[in-house]
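The listed protein sequences derive, respectively, from chains A and B.
For the first sequence, counting from 1, position 27 maps to 29 in the numbering used here; every step adds exactly one.
For the second sequence, counting from 1, position 157 maps to 796 in the numbering used here; every step adds exactly one.
Don't read these hints as lab results, they were simulated from the structure.
Beta carbons are placed, not taken as given, at the ideal position from N, Cα and C, and that holds for glycine.
Be a bit skeptical, because a hint or two may be false.
[What the hints assert, rightly or not] Once the Cα atoms are required to be at most 25 Å apart in a straight line, the calculated SDA-like pairs of lysine to any residue come out as:
1. A:97 x A:81
2. B:641 x A:36
3. B:641 x A:47
4. A:97 x A:160
5. B:641 x A:17
6. B:641 x A:32
7. B:641 x A:136
8. B:668 x A:3
9. B:668 x B:652
10. B:641 x B:666
11. B:641 x A:5
12. B:641 x A:8
13. B:641 x A:104
14. B:641 x B:685
15. A:97 x A:136
16. B:668 x B:800
17. B:668 x A:43
18. B:668 x B:859
19. B:641 x A:21
20. A:97 x A:143
21. B:641 x A:24
22. A:97 x A:147
23. B:641 x A:76
24. B:668 x A:55
25. B:641 x B:664
26. A:97 x A:151
27. B:668 x B:683
28. B:668 x A:47
29. B:668 x A:71
30. B:641 x A:41
[What the hints assert, rightly or not] Output of the computed footprint for chain B on chain A, the stretches with three or more beta carbons under 8 Å from beta carbons of chain B:
31. 24-38
32. 55-67
33. 108-122
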Amino acid sequence: MSVSIRVTVNGQEHDRSVEPRTTLADFLREDLGLTGTHVGCEHGVCGACTVWLDTEPVRACLMLAVQVDGRRITTIEGIASGEALHPVQEAFWAKHGLQCGYCTPGIIMSACAFLRERPAPSREEIREMLAGHLCRCTGYHFIVEAIEAAALALRSSHPRSP
Amino acid sequence: MKPAPFDYTAPSTVDEAVSALSDAGDDAKVLAGGQSLIPMLALRLARPTRLVDINRIAGLDGIREASGMLEVGALVRQRALERWAGPRSPLFSEVLRHVAHPPIRNRGTVVGSVVHADPASELPALLLCLEGVVVARGPGGERMIAADRFYRAPLTTSLGADEVATAVRFTLPPAGAGWGFAEVSRRHGDFALIGAVAMLTRAGGGPVTRARLAFFGVGGTPVRGLPAEQALEGREPTPARLAEAARAAAAVLSPDDDIHATAAYRQRVAATLAERTLGAALARCGGRT
Numbered sequence: 003m004s005v006s007i008r009v010t011v012n013g014q015e016h017d018r019s020v021e022p023r024t025t026l027a028d029f030l031r032e033d034l035g036l037t038g039t040h041v042g043c044e045h046g047v048c049g050a051c052t053v054w055l056d057t058e059p060v061r062a063c064l065m066l067a068v069q070v071d072g073r074r075i076t077t078i079e080g081i082a083s084g085e086a087l088h089p090v091q092e093a094f095w096a097k098h099g100l101q102c103g104y105c106t107p108g109i110i111m112s113a114c115a116f117l118r119e120r121p122a123p124s125r126e127e128i129r130e131m132l133a134g135h136l137c138r139c140t141g142y143h144f145i146v147e148a149i150e151a152a153a154l155a156l157r158s159s160h161p162r163s164p
Numbered sequence: 640m641k642p643a644p645f646d647y648t649a650p651s652t653v654d655e656a657v658s659a660l661s662d663a664g665d666d667a668k669v670l671a672g673g674q675s676l677i678p679m680l681a682l683r684l685a686r687p688t689r690l691v692d693i694n695r696i697a698g699l700d701g702i703r704e705a706s707g708m709l710e711v712g713a714l715v716r717q718r719a720l721e722r723w724a725g726p727r728s729p730l731f732s733e734v735l736r737h738v739a740h741p742p743i744r745n746r747g748t749v750v751g752s753v754v755h756a757d758p759a760s761e762l763p764a765l766l767l768c769l770e771g772v773v774v775a776r777g778p779g780g781e782r783m784i785a786a787d788r789f790y791r792a793p794l795t796t797s798l799g800a801d802e803v804a805t806a807v808r809f810t811l812p813p814a815g816a817g818w819g820f821a822e823v824s825r826r827h828g829d830f831a832l833i834g835a836v837a838m839l840t841r842a843g844g845g846p847v848t849r850a851r852l853a854f855f856g857v858g859g860t861p862v863r864g865l866p867a868e869q870a871l872e873g874r875e876p877t878p879a880r881l882a883e884a885a886r887a888a889a890a891v892l893s894p895d896d897d898i899h900a901t902a903a904y905r906q907r908v909a910a911t912l913a914e915r916t917l918g919a920a921l922a923r924c925g926g927r928t
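Given these sequences and hints, build the entire structure.
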């Protein structure tokens with residue numbers, strides 16, 4: 003049994019036919035070739051496959067591709083503007099917020115959404131958010147610093163009116 | 640692709656969903672948020688022949704407060720209730736903050752967590768503490784199932800295989816009630832090893848008029864702390880009496896040993912958490928819930 007779906011990924015519309023048991027993560031990687039979304043545990047624990055459904059982060063391994071028919075998905079490939087990295091990506095590069103890089107796309111997708119809701123988070127809040135992501139290199143200190151630096155960069159590029 | 644093959648249907652009404660479940664016998668599962676079901680499919684702990692996806696049904700995403708009840712529809716995401724609770728209910732805010740992580744709460748539903756019935760999850764215990772009901776629709780129509788008759792065993796409830804839980808209703812604490820919530824887990828967002836939620840009301844600064852306590856992670860289902868409730872109601876809530884009530888409630892629990900903690904540890908921590916949550920509830924009496 004196959005189901006036809008139409009989904010917008012990173013601004014581009016795709017029509018595909020999928021088996022209902024195909025997860026969104028497998029659909030993005032195997033049907034669309036968007037391998038920036040990483041697959042770690044495939045049962046919702048590690049956070050590596052986090053993408054945005056509309057504007058909210060979700061686990062791509064915990065949704066079926068058939069469920070995103072008619073919806074809008076953004077992956078790590080969709081957040082830079084041309085050659086210019088997203089400020090959160092830029093901060094991870096500048097602060098050495100990644101080692102092997104496997105967990106990085108998921109953390110960045112979560113961090114972007116987190117910083118929209120909490121533009122000036124405390125270290126404790128950053129760590130609470132990171133509890134939903136596993137870094138097997140255990141490089142959490144630099145990840146926390148990268149997210150702090152990204153928060154600062156985002157606040158200075160979009161200063162709030164007095 | 641890790642899940643075994645299944646037949647998929649996404650009905651647009653609750654009645655169609657009920658028919659799709661009835662037609663499939665005992666072998667169909669409802670898919671709402673999918674944050675517990677999809678991992679079970681991936682690990683092949685569940686192999687339903689049919690998934691009935693209720694996400695396209697209109698009218699199940701409402702949060703309504705009426706006559707002392709809070710009704711939460713089957714498609715209300717945990718994150719949506721968390722946002723609703725932000726300016727309104729410190730109790731619901733605190734409980735929901737402990738349910739997994741934001742990306743999970745963005746999809747996971749309140750009703751789904753209640754119905755999935757993991758004995759270590761927070762929302763079933765909250766439903767029990769607030770004497771809530773599950774609203775179920777089946778081939779014979781709608782029925783209400785009280786929380787204390789809903790949970791039977793781990794992942795097992797009195798909901799029929801051909802019924803859809805369309806909403807849950809929490810009884811909102813009366814004005815002036817105090818609340819307490821605490822859990823012990825390995826990391827923030829993990830399933831709790833042990834947890835407790837409590838609610839107290841007092842007559843002025845006098846005796847306790849109503850006490851409610853529920854534990855999670857201490858057995859096959861969430862458990863009401865009835866001995867503590869009975870020990871406190873009608874009496875002055877002195878620190879010694881709270882401690883005694885907490886010990887009495889923990890003494891009748893029968894938790895299991897598992898890889899994470901021994902039964903003896905769970906029982907001892909349950910007593911401590913009961914005392915802390917009852918103490919916090921007492922301190923908050925007269926404030927907001």
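Outcome of the hint check:
no.	hint	result
1	A:97 x A:81	holds, 19 Å
2	B:641 x A:36	holds, 19 Å
3	B:641 x A:47	holds, 16 Å
4	A:97 x A:160	holds, 21 Å
5	B:641 x A:17	holds, 23 Å
6	B:641 x A:32	holds, 14 Å
7	B:641 x A:136	holds, 21 Å
8	B:668 x A:3	holds, 18 Å
9	B:668 x B:652	holds, 16 Å
10	B:641 x B:666	holds, 19 Å
11	B:641 x A:5	holds, 18 Å
12	B:641 x A:8	holds, 23 Å
13	B:641 x A:104	holds, 21 Å
14	B:641 x B:685	holds, 12 Å
15	A:97 x A:136	holds, 19 Å
16	B:668 x B:800	holds, 8 Å
17	B:668 x A:43	holds, 23 Å
18	B:668 x B:859	holds, 21 Å
19	B:641 x A:21	holds, 12 Å
20	A:97 x A:143	holds, 10 Å
21	B:641 x A:24	holds, 8 Å
22	A:97 x A:147	holds, 7 Å
23	B:641 x A:76	holds, 23 Å
24	B:668 x A:55	holds, 23 Å
25	B:641 x B:664	holds, 24 Å
26	A:97 x A:151	holds, 8 Å
27	B:668 x B:683	holds, 14 Å
28	B:668 x A:47	holds, 22 Å
29	B:668 x A:71	holds, 20 Å
30	B:641 x A:41	holds, 12 Å
31	24-38	holds (count 3)
32	55-67	holds (count 9)
33	108-122	holds (count 3)
Hint check: no violations occur; every hint is consistent with the structure.
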